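With these hints in hand, go ahead and build the complete structure from the sequences.
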Amino acid sequence: MMTPQIAVFLVLAAVTVAGAVSLILQRHPIHSALSLIVVMVALAGLYLLQGAEFVAAVQIIVYAGAIMVLFVFVIMLLNAGEEERTNVSRLARYVGVPLGIVFLVEVAYWIGRATAHLGSAPPEMVSTRDLSSLLFREYVFPFELTSFLILIALLGALVLARREDSD
Amino acid sequence: MVPTSYFLVLSAVLFGLGVIAFIFKRNILTIFMSIELMLNAVNLAFVSFSRLLGQLQGQVFVFFVIVVAAAEAAVGLAIIILIHRNRGTLDVENVDSLKD
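Residue numbers (my numbering), protein chains in the order written: chain A, 1 to 167; chain B, 1001 to 1100.
If you're looking for bench data, these hints aren't it; they were derived computationally from the structure. Errors might be hidden in some of the hints.
Stated by the list, open to error - Here are some, though not all, of the chain A residues that point toward chain B, as calculated from beta-carbon distances under 7 Å:
1. Ile67
2. Glu83
3. Val126
4. Leu145
5. Thr146
Given the structure is predicted, the values throughout are model-derived calculations rather than measurements. For every residue, glycine included, the Cβ atom is placed at its ideal position computed from N, Cα and C.
Set out below in structure tokens:
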């Protein structure tokens, strides 16, 4: 039974996995960054499919917007070129890659089997209003702590990236 | 509706691809991006369970994970700029002074 939701899920999942594979296969970091942006936008679509509008919006604004722009800035600033091809050992190429793929398929298969009995989520939607009241009542202290964390990270980044000879 | 196990399988696949990218890539920027990919996979599992159990705590956690990822990206990229300034390379194969 192929409901429209499942069709949308399959399309978005294919885009996500294709983006992630492209992140691995691309040699230039800017191409990898663009692949990662594709993954994040498709993930935002998956969040929307699950009725998590706030998380989807934050995903687009913070992840695909702010964080990836930071990545692209640094790639351009450092003028990062293509990865050099180094000769990987034969063992890594002919044993490591298939083993990695087998491991990936195995984990996905067993997680799928172990969670198949969960069924699908109940149809009622949770609203952003409930989320905000939870965030600003029960989790208000962690929320304030994150602003402190951001401030410390900002100062740390500033101190780290400052040129020593400028003062 | 879509069964929750579909989302969890996708999350596992994305996390695995993130691990593979982390191991195989040589550019430190791409390695950093694969960490972001793994964080995204975990966020997808959080949202799926939050939806399945009808509890919003999972989405609150996703919000905190995104905030921490932003802080991590700022500090990590500053460190990458420092490595590039001091060593003139982004290849992790050449950043091996702890080896000697």
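Status of the hints after comparison with the structure:
For isoleucine 67 of chain A, the interface hint holds, since its Cβ comes within 7 Å of a Cβ in chain B; the closest pair sits about 5 Å apart. Taking 7 Å as the C-beta contact cut-off toward chain B, the hint placing glutamate 83 of chain A at the interface holds, the least distance being around 5 Å. Proximity of valine 126 of chain A to chain B holds as hinted, the smallest CB-CB distance being about 6 Å (cut-off 7 Å). A hinted interface residue such as leucine 145 of chain A counts as satisfied when its beta carbon comes closer than 7 Å to some beta carbon of chain B; here the least separation is about 9 Å, so the hint is violated.
Checking threonine 146 of chain A against chain B: minimum C-beta separation of about 4 Å stays under 7 Å; hint holds.
Hint 4 from the earlier list is the only one contradicted by this structure; the remaining hints agree with it.
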